[in-house]
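2 protein chains.
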Amino acid sequence: MRDFSHDHSALALNTATLGHNVEGHGAGWSPEQVIDACAEMGLGGVVFWRREIGNRATQIGAHAQNVGLKVAGLCRTPFLVGPLAPQPRQAMLDDFEASIDMAAGLGAEVLTIVVGGVEPGTKGIKASLERVADAVARMAPVAAARDVKLALEPLHPVYGGNRSCLVTLKDANDLCDLIDHAVGIVVDVYHVWWDTTLADELKRAGKDRLLGYHLCDWLADTSDVLLDRGMMGDGVADLKAIRQAVEAAGYQGLCEVEIFSARNWWKRPPHEVLQTCIERFRSVC
Amino acid sequence: MRDFSHDHSALALNTATLGHNVEGHGAGWSPEQVIDACAEMGLGGVVFWRREIGNRATQIGAHAQNVGLKVAGLCRTPFLVGPLAPQPRQAMLDDFEASIDMAAGLGAEVLTIVVGGVEPGTKGIKASLERVADAVARMAPVAAARDVKLALEPLHPVYGGNRSCLVTLKDANDLCDLIDHAVGIVVDVYHVWWDTTLADELKRAGKDRLLGYHLCDWLADTSDVLLDRGMMGDGVADLKAIRQAVEAAGYQGLCEVEIFSARNWWKRPPHEVLQTCIERFRSVC
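As they're listed, the protein sequences go chains A and B. End of the first sequence = 297 in my numbering, gap-free, step of one. End of the second sequence = 297 in my numbering, gap-free, step of one.
Just so you know, these hints were derived from the structure itself, not from any lab. A hint or two may mislead.
Unchecked claim - Calculated pairs, DSS-like style, for lysine-lysine (alpha carbon to alpha carbon, straight line, at most 27 angstroms):
hint : chain 1 : residue 1 : chain 2 : residue 2
1    : A       : Lys215    : B       : Lys138
2    : B       : Lys215    : A       : Lys182
3    : A       : Lys161    : A       : Lys279
4    : A       : Lys219    : B       : Lys138
5    : B       : Lys219    : B       : Lys82
6    : B       : Lys215    : A       : Lys138
7    : A       : Lys138    : B       : Lys252
8    : B       : Lys161    : B       : Lys215
9    : A       : Lys182    : B       : Lys182
10   : A       : Lys138    : B       : Lys82
11   : A       : Lys215    : B       : Lys182
12   : A       : Lys161    : A       : Lys182
13   : A       : Lys215    : A       : Lys161
14   : A       : Lys215    : A       : Lys182
15   : A       : Lys182    : B       : Lys138
16   : B       : Lys252    : A       : Lys252
Computed from a predicted structure; not experimentally measured.
So here's chain A without its partners, still in its complex pose (with noise of 0.2 angstroms):
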């Protein structure tokens, strides 16, 4: 297992964690005062959300590129199935693909795909992660066309219903499997850290497949299961053991902190929520 007690250089920034901090609230950093801010306080990487990016990619990745930052990837396509996924389904084709043109542009090196919920008029998950594996099918040659990794994220099963149909690890591998491409698969303690069976899917999903591992905790209490993530070391994930299933793995790329947290993190100064983040990765992760 990789030491982090004094090197930080494998962390990555994901933008939520500054919340209302980026452009438009609070402090207002643009994309790149942030990349700014992450280079000059030593991370590794910065992942993007689109709407912050709008038709600026190609600058903001040169912006990332002259100082030395590695775009880590863009959060998100569009939402494939479930109440929530743009209608009809080739506007969501569409708009996936225009969310490829964006990791494209940035230069990131992997996309984020958020499957969406159970697909209206249908029961369980089954029916949706097939049309899920149908989508992604569909657009993984014009992503490798581009040079872009589509990676999918299995999310906590409170979302089942209609965020993500697809909940864990095993049913990634599985869908994966089903894919006649290349699709990776990005793990998330906050989504994964109750289950027993990941270090056995982490080793399944394998070095290939890792293309991504996402740091938060799990408050006790979470009061929101959108907006009260926990910064690392206050929760009840076990953030050693995790990393080190998700290293015997085979994984040794960036580790993304991603902390959505309305109520705490994000009334904070940006600097101090990063060098809390450091402190973290350093010490708890």
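With chain A fixed as given, assemble chain B onto it according to the hints.
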């Protein structure tokens, strides 16, 4: 698979479904009034919560027997571990024993165990589950001596932090394997609907371990994970497929409707709620 389309004698009411209509709230039904209503409407059983019983267990149990209604279960032991468990541990064990006494007095067949969350000072669920195994092993002989069956209920992973470090049927099976006494499991669609290993784990549990089957539904737009459960048919759970798997594993017992619904069903007259449960049980379960 049993045909319930013209027969709801396998339906049991968990009084949580009436919410604010039980003693002290709304319509203010006493346990005897609940028993009478269930018997009159042709249900096969009822499940109470300890706070409704007080020191009248024998009296209420006798009333149920007089009108021919089965007291199928009692909710529940105290949390055995985690931030909400009684302290010190002996107080928890005493309360565990008190819950066994009440179940015995009531003539309830099954006492449900909700195990509690992650033990303070530990990380992940492993250490907590070991403490659960120890507590259950200590109380199992006490329960057996009083003819009460203990049943572990795995809860949805969203409760992993504070209410139940036991979050999958697989982990419940593993826990039963660990404990050197007969301990059963209850399966609730709310907690397991998303789990693609469910059918296999139900088979693994088998007829002897499966001591209960709970009905409600997972609403796609769940607004509160504690008190926003759906009526059967209003959500995304594949109720027919789940019951098919439950029965294929050998379960032929009562189906217990348990709907915590502060914003909807708890506000309705109890007769209307019961009538709707019956209709939905016959049509969509």
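Hint numbers contradicted by this structure:
3, 10, 16
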